[in-house]
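Top line first, the protein sequences correspond to chains A and B.
Under our numbering, the first sequence has 344 at position 344, and the numbering climbs by one with no breaks.
Under our numbering, the second sequence has 65 at position 65, and the numbering climbs by one with no breaks.
Fair warning: there could be bad hints in the mix.
Any copy will do: because identical chains look the same in the list, a pair fits if it lies in one copy or spans two.
Said to hold, decoys possible - Below are the BS3-like pairs computed for lysine-lysine, each with C-alpha atoms no more than 30 Å apart in a straight line:
1) Lys-128 with Lys-106
2) Lys-187 with Lys-108
3) Lys-128 with Lys-222
4) Lys-311 with Lys-101
5) Lys-205 with Lys-128
6) Lys-311 with Lys-222
7) Lys-222 with Lys-331
8) Lys-230 with Lys-45
For the record, the hints were derived by calculation from the structure and aren't laboratory data.
For clarity, every value in this text was computed on a predicted model and none was experimentally measured.
Protein chains: 2
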Amino acid sequence: MRYIALAQWTRNVVTLGLAIIFASFVNAFARADPLPSWNDGAAKKAITDFVARVTTQGGADFVPPEERIATFDNDGTLWCEQPYYFQLAFAFDEAKAMAPKHPEWKSKQPFKALLDHDQKALAATGEKGLLQIVAATHSGMTINEFTKSVLDWMAVARHPRFHRPYDSLVYQPMLELLAYLRANGFKTFIVSGGGVEFMRPWVEKAYGIPPEQVVGSSGVVKFQFGAGGKPELMKEAKVEFIDDGPGKPVGINRFIGRRPILAFGNSDGDLQMLQWTMAGSGARFAGIVHHTDAAREYAYDRQSRIGKLDKAWDEAEARGWTVVDMKQDWKTVFSAAAAKETKP
Amino acid sequence: MRYIALAQWTRNVVTLGLAIIFASFVNAFARADPLPSWNDGAAKKAITDFVARVTTQGGADFVPPEERIATFDNDGTLWCEQPYYFQLAFAFDEAKAMAPKHPEWKSKQPFKALLDHDQKALAATGEKGLLQIVAATHSGMTINEFTKSVLDWMAVARHPRFHRPYDSLVYQPMLELLAYLRANGFKTFIVSGGGVEFMRPWVEKAYGIPPEQVVGSSGVVKFQFGAGGKPELMKEAKVEFIDDGPGKPVGINRFIGRRPILAFGNSDGDLQMLQWTMAGSGARFAGIVHHTDAAREYAYDRQSRIGKLDKAWDEAEARGWTVVDMKQDWKTVFSAAAAKETKP
Numbered sequence: 001m002r003y004i005a006l007a008q009w010t011r012n013v014v015t016l017g018l019a020i021i022f023a024s025f026v027n028a029f030a031r032a033d034p035l036p037s038w039n040d041g042a043a044k045k046a047i048t049d050f051v052a053r054v055t056t057q058g059g060a061d062f063v064p065p066e067e068r069i070a071t072f073d074n075d076g077t078l079w080c081e082q083p084y085y086f087q088l089a090f091a092f093d094e095a096k097a098m099a100p101k102h103p104e105w106k107s108k109q110p111f112k113a114l115l116d117h118d119q120k121a122l123a124a125t126g127e128k129g130l131l132q133i134v135a136a137t138h139s140g141m142t143i144n145e146f147t148k149s150v151l152d153w154m155a156v157a158r159h160p161r162f163h164r165p166y167d168s169l170v171y172q173p174m175l176e177l178l179a180y181l182r183a184n185g186f187k188t189f190i191v192s193g194g195g196v197e198f199m200r201p202w203v204e205k206a207y208g209i210p211p212e213q214v215v216g217s218s219g220v221v222k223f224q225f226g227a228g229g230k231p232e233l234m235k236e237a238k239v240e241f242i243d244d245g246p247g248k249p250v251g252i253n254r255f256i257g258r259r260p261i262l263a264f265g266n267s268d269g270d271l272q273m274l275q276w277t278m279a280g281s282g283a284r285f286a287g288i289v290h291h292t293d294a295a296r297e298y299a300y301d302r303q304s305r306i307g308k309l310d311k312a313w314d315e316a317e318a319r320g321w322t323v324v325d326m327k328q329d330w331k332t333v334f335s336a337a338a339a340k341e342t343k344p
Numbered sequence: 001m002r003y004i005a006l007a008q009w010t011r012n013v014v015t016l017g018l019a020i021i022f023a024s025f026v027n028a029f030a031r032a033d034p035l036p037s038w039n040d041g042a043a044k045k046a047i048t049d050f051v052a053r054v055t056t057q058g059g060a061d062f063v064p065p066e067e068r069i070a071t072f073d074n075d076g077t078l079w080c081e082q083p084y085y086f087q088l089a090f091a092f093d094e095a096k097a098m099a100p101k102h103p104e105w106k107s108k109q110p111f112k113a114l115l116d117h118d119q120k121a122l123a124a125t126g127e128k129g130l131l132q133i134v135a136a137t138h139s140g141m142t143i144n145e146f147t148k149s150v151l152d153w154m155a156v157a158r159h160p161r162f163h164r165p166y167d168s169l170v171y172q173p174m175l176e177l178l179a180y181l182r183a184n185g186f187k188t189f190i191v192s193g194g195g196v197e198f199m200r201p202w203v204e205k206a207y208g209i210p211p212e213q214v215v216g217s218s219g220v221v222k223f224q225f226g227a228g229g230k231p232e233l234m235k236e237a238k239v240e241f242i243d244d245g246p247g248k249p250v251g252i253n254r255f256i257g258r259r260p261i262l263a264f265g266n267s268d269g270d271l272q273m274l275q276w277t278m279a280g281s282g283a284r285f286a287g288i289v290h291h292t293d294a295a296r297e298y299a300y301d302r303q304s305r306i307g308k309l310d311k312a313w314d315e316a317e318a319r320g321w322t323v324v325d326m327k328q329d330w331k332t333v334f335s336a337a338a339a340k341e342t343k344p
């Protein structure tokens, strides 16, 4: 029966070997850098230190998983917002596509300026003109129809500088941050001034954030019975909620009902969200993406018309919030994986 | 070396024995009734059949987990709503507690009637009077202060008939249904005409539904800086959104952004939510709790002022939705576990 003892010995050695290999693998995996696109520096360290503090069971700053709420602005924080908000690019393209059905637009501002490619005249119509174009392209259809138009546009529209689909211009370091937070028990939300119906169709694929975790601006929607008596939700040309500036903590309260322990923004429109986040008790984190990289993306702050960062920057400096310097802190800017999906 | 072979044989037998025990346990667990408080009948069968269909990978009706959205009305569906909505009981108690600070209420309706315990005069002030009492007790304080007042009230207030805390008057069969759905990959939401700030403080403990999955009616909330420059959210005396009737599909769209595949209500205020749910493609489930049990709870439907079930009942009959007969379908009504927590 010697062979049985030998077989058992062999089995024990193999089992031990597998255990060692497995342990090494787990160890290596645990030590793998969760934020590989972030350069080592103060910003990265502040993030990983914070996550370690709030997830250490028994530690002074431990936060139970259900309270690990993280909110992110979208435009300029998770994806690019230059040369102007991508939702505006969508509205312009939609208006042009709708023009044949609106012959009156040929002689009516702001539509005339848009159709004539007269940027100066378009700019002269100001915010009121832009809102008219947004209203015309964001109402008078059902939610389902609007969702389809967003996805159709996203599939064919290209950014004027990068010649890539807009939803591929998402920041790789922020994708890693979202995944890292979720792996540490956080629930990640978007809290954006952008339209909630414009974001929901594509953010789940782009960021791994489901529609029910998207807070945004909205227009009035009406329940009605359409053709064939089928219930439908119709988008009306009336603003309901602006999820920007002081609207952000209000939106967070309405949609989430808990105060975030981490928030990230990039402009003065995020200031109140960051203030609200930091005013809670316990460990908290406020982050700002500072666009400093004209070569790889854009460089803008206090003087910018889009994504102006002025008061929020001052407050970040005064209070020691984390300001991410895109040029210094990020190894890469845009997601290569998202770019690969680009069809020629 | 015979003893080694014997030891190995013994070990094999023990291992096999443990495996059999474990398999039996798993099997028994899998076959355990997930809805023990539901009598066997059409309603229970409709629920379990539906869940089996949408969770069977490769089946014709399979629904991926992220789309398994289930929405539940609260008043009369998850907890009792008689003799009148519990939020109204809260408002009455709060108004009485606030009265010393409002001497003018002694001679001002509807407050005078409330303070005089004059139910006839109070009823005469109608819906307008009730709304005044709700407004007076639901505004002029911060969200944090209001949350505290709800929890304080819930700890001491008792139902006039059952003499139990209001949040213990939750339906055991519905708690089992919520848990059963979540165990099958559903995300459960409340979609209620009740105030969102009134529900959020206690629903997580009562139903296992986190604040961010509660959709309800709301008043306007304002971000401001309070004493010491601390950011705060102030509740204003202005209705913002009524999450009832046609407002329910609108609220679902705004907060969740996906159409539910299962919805449960109990009154005409849930009709449009059920219609919206059933109008989607694929397998869908609409359920109505019919209050038929005057002995254990209450019996009411077409003629009731609270929780009127008339048009939704007709539509349920016409379309073959599941109508739960409380008396016939439920073995128990209220949660015994919740009752145990009652302090004398």
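Legend entry - Earlier hints that do not hold, by number: 2, 4, 5 and 7
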